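Visitor: Given the coordinates of chain A, work out where chain B should sit on it, guided by the hints.
These protein sequence lines are chains A and B, in that order. With the numbering used here, letter number 308 in the first sequence gets 327, and the count goes up by one each step, no holes. With the numbering used here, letter number 80 in the second sequence gets 99, and the count goes up by one each step, no holes.
Hints listed in this document are in silico derivations from the structure and should not be mistaken for laboratory results.
It does not matter which identical chain is meant; a pair holds if it fits inside one copy or across any two.
List time: in silico DSS-like cross-link candidates among lysine-lysine, alpha-carbon distance up to 30 Å: (1) Lys243 - Lys304; (2) Lys102 - Lys66; (3) Lys356 - Lys243; (4) Lys85 - Lys66; (5) Lys165 - Lys243; (6) Lys356 - Lys304; (7) Lys98 - Lys66; (8) Lys478 - Lys351; (9) Lys351 - Lys304; (10) Lys485 - Lys558; (11) Lys198 - Lys356; (12) Lys243 - Lys351.
Predicted model, so just to flag it, every value in this text is computed and none were measured.
Number of protein chains: 2
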Amino acid sequence: MSTYSAPVRDMHFVLNDIVGLEEITSLPGYEECSPDLVEAILDEAGKFATGVLDPINAIGDQQGAKWMGGEVTAADGFKEAYKLFVDTGWNAMPCSPEFGGQGLPTVVSMAVNEMWKSANMAFGLCPMLTGGAIEAIAHHGSDELKATYLPNMVTGTWTGTMNLTEPQAGSDLSAIRSKAQPQADGSYLISGTKIFITWGEHDMAENIIHLVLARLPDAPPGVKGISLFVVPKFLVNSDGSLGARNDLVCASIEHKMGIHGSPTAVMAFGENAGAIGYLVGDANKGLGYMFTMMNHARVNVGLEGVGIAERSYQHALSYARERIQGAPIGDKSGETKAIIHHPDVRRMLLDMKSRTEAMRTLAYWVAGQMDRAHNHPEATARVTHQARADFLTPVVKGWSTEQSIEITSTGIQVWGGVGYIEETGACQYFRDARITAIYEGTTGIQANDLIGRKLAREKVPGSTAKALLAEMATFANSMGNDESLLAMARQLNDGIAAMQRATDWLLATYDSNPRAAAAGAVPYLKLTGIVVSGWLMAKSAQIAAQQIASGASDDFYRAKIATASYFAAHQLPLAAAYAAAIAEGSAAVLDIADGLL
Amino acid sequence: MSTYSAPVRDMHFVLNDIVGLEEITSLPGYEECSPDLVEAILDEAGKFATGVLDPINAIGDQQGAKWMGGEVTAADGFKEAYKLFVDTGWNAMPCSPEFGGQGLPTVVSMAVNEMWKSANMAFGLCPMLTGGAIEAIAHHGSDELKATYLPNMVTGTWTGTMNLTEPQAGSDLSAIRSKAQPQADGSYLISGTKIFITWGEHDMAENIIHLVLARLPDAPPGVKGISLFVVPKFLVNSDGSLGARNDLVCASIEHKMGIHGSPTAVMAFGENAGAIGYLVGDANKGLGYMFTMMNHARVNVGLEGVGIAERSYQHALSYARERIQGAPIGDKSGETKAIIHHPDVRRMLLDMKSRTEAMRTLAYWVAGQMDRAHNHPEATARVTHQARADFLTPVVKGWSTEQSIEITSTGIQVWGGVGYIEETGACQYFRDARITAIYEGTTGIQANDLIGRKLAREKVPGSTAKALLAEMATFANSMGNDESLLAMARQLNDGIAAMQRATDWLLATYDSNPRAAAAGAVPYLKLTGIVVSGWLMAKSAQIAAQQIASGASDDFYRAKIATASYFAAHQLPLAAAYAAAIAEGSAAVLDIADGLL
Chain A
20 MSTYSAPVRD MHFVLNDIVG LEEITSLPGY EECSPDLVEA ILDEAGKFAT GVLDPINAIG
80 DQQGAKWMGG EVTAADGFKE AYKLFVDTGW NAMPCSPEFG GQGLPTVVSM AVNEMWKSAN
140 MAFGLCPMLT GGAIEAIAHH GSDELKATYL PNMVTGTWTG TMNLTEPQAG SDLSAIRSKA
200 QPQADGSYLI SGTKIFITWG EHDMAENIIH LVLARLPDAP PGVKGISLFV VPKFLVNSDG
260 SLGARNDLVC ASIEHKMGIH GSPTAVMAFG ENAGAIGYLV GDANKGLGYM FTMMNHARVN
320 VGLEGVGIAE RSYQHALSYA RERIQGAPIG DKSGETKAII HHPDVRRMLL DMKSRTEAMR
380 TLAYWVAGQM DRAHNHPEAT ARVTHQARAD FLTPVVKGWS TEQSIEITST GIQVWGGVGY
440 IEETGACQYF RDARITAIYE GTTGIQANDL IGRKLAREKV PGSTAKALLA EMATFANSMG
500 NDESLLAMAR QLNDGIAAMQ RATDWLLATY DSNPRAAAAG AVPYLKLTGI VVSGWLMAKS
560 AQIAAQQIAS GASDDFYRAK IATASYFAAH QLPLAAAYAA AIAEGSAAVL DIADGLL
Chain B
20 MSTYSAPVRD MHFVLNDIVG LEEITSLPGY EECSPDLVEA ILDEAGKFAT GVLDPINAIG
80 DQQGAKWMGG EVTAADGFKE AYKLFVDTGW NAMPCSPEFG GQGLPTVVSM AVNEMWKSAN
140 MAFGLCPMLT GGAIEAIAHH GSDELKATYL PNMVTGTWTG TMNLTEPQAG SDLSAIRSKA
200 QPQADGSYLI SGTKIFITWG EHDMAENIIH LVLARLPDAP PGVKGISLFV VPKFLVNSDG
260 SLGARNDLVC ASIEHKMGIH GSPTAVMAFG ENAGAIGYLV GDANKGLGYM FTMMNHARVN
320 VGLEGVGIAE RSYQHALSYA RERIQGAPIG DKSGETKAII HHPDVRRMLL DMKSRTEAMR
380 TLAYWVAGQM DRAHNHPEAT ARVTHQARAD FLTPVVKGWS TEQSIEITST GIQVWGGVGY
440 IEETGACQYF RDARITAIYE GTTGIQANDL IGRKLAREKV PGSTAKALLA EMATFANSMG
500 NDESLLAMAR QLNDGIAAMQ RATDWLLATY DSNPRAAAAG AVPYLKLTGI VVSGWLMAKS
560 AQIAAQQIAS GASDDFYRAK IATASYFAAH QLPLAAAYAA AIAEGSAAVL DIADGLL
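Isolated chain A, as found in the complex (with noise of 0.2 Å):
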C-alpha cells in the first residue's frame, strides 16, 4: 500500500504561476489571506490528508457503510476521522466569516478539496455535499434559516444533502413528483421519495440537513414549478437545540461499484405525519437555487477527477519504482531492472501524470476566474471572469472525469496482474473514478450545457470562446521565441485551430440543426478540455523554461517541460480528430433508424 503524499510542490506552482495567487489575494475581501498563509494551509491539509483520511481510504472501500433498519453506520474510523475533520476546523475553512468560515479564495479551497479527495474521495464527499447546501441557505435562504442552520452547518456538526433525483427524474428533474403541504405556521408538510443522495443518512453529524426539491399544490408543471426546501433530520428548537425526529428515513442504501464508503441512501420523506420543511427564497425558484449548489458542485467533482488521477499516479509510480521485471529493451546491460525503466511503463505513468497536471491546471485556473468573477473591483471584469468561469465549469466536470477513470485504468495497468486483486488498492480507485462522470450531471449534460447556454445560445452566440481562442493563440505564437518549445507551440497552435474550426461549426449549426449539433457536444467537450489546459501545460513549459534559463536549479522545471511536452505530442493532436468527429460524425448518428440500432 502506498501512501498518499499532497503534490504541494505542483500545486503551489499552479496557484503562484498560472492562477496568480498574489493578484487573487490582493483583490478585495481576501484580504485576510496571503501567499504566505496559503502555503501553511496546504501543509496543514497536507498532514491531514495523509496522516488522518488516507489510513481509512481502504477500510471504507472494503466494509462500506452499513444500513440497519434505517440507521446508517460509517465504516470503521470515518466517524473519528470527521470528529478531527470538524474540530480542525477543517469544514469552515472555505465558509464565508459572516458564518464562522475563514473566507479563503475559491481556489485555495481548490487545493485543499483535492487532497481530501486524493486521500479519501468517499470521505471527501459528505464535506462537499454540505458545502453546497451551505451555498444554498447562504444566498437564498432567509435570516432566520441562515442563523438557524448555517453555523452548526459551517462548523461541520451538521451535515448537508442535496436531494433532487426521483427514479422517474434523474437527468430530467421536470419529472419531479415530491410534495410539499403548506401548513398554516408558514412550514411545509414534504413527501415523496429521492434516491441517490450522497451522505443522505449516516452516524458522524448530530444532525442532518436536507435541501430537497419539491412540488407545491398550486405548481405550474414542469422546471418553473419545483421549489426548495430545508427538511431537517431532527428539528431544531427555537433555542438551537435538537427537538423531534422528523419524519424522514434511509429506506435503503445502494450497492454501488465504488465509493463504498459514502452511503448513498433512498430518502422516503412523509411517510407518516409528513415531514417538517422550511422554504428556501421564493416559490417555484428552486431549480435555480439548487443550480447555485450544483455549479459548485460540479467544479468539485471535477476535482474529484485530478484528486483520484494524482492518488492513482503515486499508487503506480511507487510499484513501478520497487518491481523488478525483465531487462528493458534497449538498455545495454542486458539487467532485470524496476519496470519504471521499461519504455512503455514510463510513457504510461508520464501520461497519467502529464494528464493529471492538465487537469489541475484548469481546474484551478477555473477556480481563479471564479475568484476573480466575485471580487474583482471593475464590473466588467467580472463579467469577463463570470463569462469564462461559465464556459469552463461544463469542461472541468465532464473532462476531468472521463480522464480520470483512463487514468485509474492506466494506474492498474502499471500494475499487471496484481492491480487486478482488489488488496493491491489499484481497483479502488478505478472504480470510484467511474461514477464522477455521472452524479451531478452526466458528461453528456455537460457537454449539451457546455454547447448550448455557454456557447450558441450565450447572450453574444460563441463570445467567450472566441475571446479565449484569441488569447489562447497569440501566446501560442508569442512561443516561437523559445527554440526549445518550438514543437510545442506548433503542436498547440493546431490544436487553437482544431477548437477554432469546431466552434464555427458548431455556432453555424446549433440553430439550424441542433440535433447535429448535440451528436458533437461531447466530443467537443473533450476537445475543449485537451486545448484550454494545452494552453496552460504550455504556459506553464514556458515559465518553467524561463526559470532554468535564468538558473533555477529546482528539477520541478525539468519536470514540467517533459510534462507539459508529453501533453502537446500526445494530447494536443487529439484535437483534430475530435473537430473532424465533430464536423462529420454526426449524420451517421442521427440517420440511423431506431430499429436498426
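Guide: Coordinates of chain B only, in the frame set by chain A:
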C-alpha cells in the same frame, strides 16, 4: 436484466462477405464443413449461450467461486452448465477429428467462442484454457501423452490449465524458478508455486490437467532453460482410470475486481513428496511450446473484448429503448421520450455498436488468415497468410481488449446513475473487461511484439505491414466509384497514410533507438487496430451499398453503412493523432529523469 442474444446476422455477414467462409470451407481439411453447417452451428450455439450460460452470468459475479481447504466450488449452476456444455459436444467442437473433435475452421470456432464470452466470460475461460492445453499437447506431446490425456480433454471431461506465472516471474518468464527433478521411471517431480492460474482448481471436471513451466536441474539460465510438463491433478492409471491424488494443491484463490465466476488459483506443487509430471516434447523448449498455447489464447482474449463489448451494447440498448427521460433536443413534439432519442445517447450507442462490429470483423478476418495459413494448398499463400495472422494477433489481443474497457464504460454511462448500482449488471461487464488487457500478455507486451518481431525484426523488416498498407490503399482508391462512400474513402485514405508514416518511422528508428520505438509501441498498436479494421468496415459498407443498389431490402445493410460511417468519422481520424504522438512523443517519455516522475 437484459438477455444476451447472439448477433448471428452480423456474424454471418462477416464470415461470408468479409472472411470468405465459402472459400475456407473448400480448403483441404475442411471438407466436412459447409456454410449450411456453420449456420446450424451458430443457431444452436446462440441458443445454448442464451439459455444456459447467460442465466448464470450474474450469479457467478455475485457469488464467485469459493475456496475451502484446498477445494474450490464453482458458483451455483456452473457445474450443471458445464456438464451440459460437455454433453452437448461444445467443448470438442473446435478440436481436431483425430482426437474426437469436429475439426471446424478456426473462424467458425471464433464465432461460437464469442457467444460463450458474451454470455458468460468467466465460464468461457474454462474451455478456453482447456483448448490451449489441448493444442500444446497435440502439437508437442508424445503419442503416449496424447493418448492418455487428449480424449478426455477434448470432450471436456477433464479441463486444462496454463501454469506460467510465479510471484517474481510475471511478464518476464525468464525468471521462473519452479523445479523439475528427473525420476528413474522417466517422470519428473515438480515443485514450486504458481499464481494467477485460471480455473486452476474447481469441482466441474473429474480431473484437471496442468501444463506447468519448470526448470530441470541442469537447465541453462533464462528462457532457454524452461521446460513444459503435464501435471495432472489425479494421476492416470494405465487403463485410463483415475489413480492417486497428485502432490499439488490450490493454496488460495484471488479476490479480483471481476470475473468472479472464474477461480484464479495460487497452485502449490510438490509441497510433500513432489508432484509427478511428464515432459512435453524436448527439455528446455517449454517456452516455445507455451507460445503455441499463448497465440491461441491471445486471439481468444481479444475475442473476449469483442464478446463483452457486444453484451454491454445489447444491455445498454435495451435500457435506452425503455427509459423515458426528458424531451430530446430539437424534437418538435417537446414530449419526454425514451433516451435513445437523445442525440448523445444515440452517439454512445452507435459508438459501442460500430467499434464492436469493427473488432469482430478484424478478429474473424485474422482467424480466416489462420485457417488459410494452416490449410491453403499453396505454400507461398500459407506463408503470406501466416505472416498476416502473426502481425495482427497482438492487435486483436491488445486493441480489442483496450477498446472493450472503453465500450463497457460507455455501457454504464448510457444507464447513468443506475448503471453504477451493481444490481443493474453494467458494472460487471466493465469489471470483467478490465482484466482482458492484462492477462495473456499486457497491451505493452503485445505492442512490443508487434513493433519488434512482427515489424522491425521481421525477416524482411516491415514487409507484411507494407503489403497490407498497399492492399488497403488500392481498396481505398477504388472506393471513389461510389458517390455515397466518398467521405469514408477520404477518411480511410487519411488513416492509411497515418499508418504508413508511423510504420516508416518505426522501421527507421527501431535499430538506432529501440527505446524511442518502444515508447511508441502502444500508440502504434491502437493505430493499426483502427486503420485495419477501418478498412474492413469500409469494405463492409461497400458490400452493403452494392446490396442496397441491387435491390436488397434487408435493413441490416443500412445499419452496416451507418456503423461503418460512424467508425470512419470518429475513429479513423485518431490514426493521425497516434502517428504524431509516435514520432514526436517519445522524447518526453525517455528524457525525464526517474526521480522527476
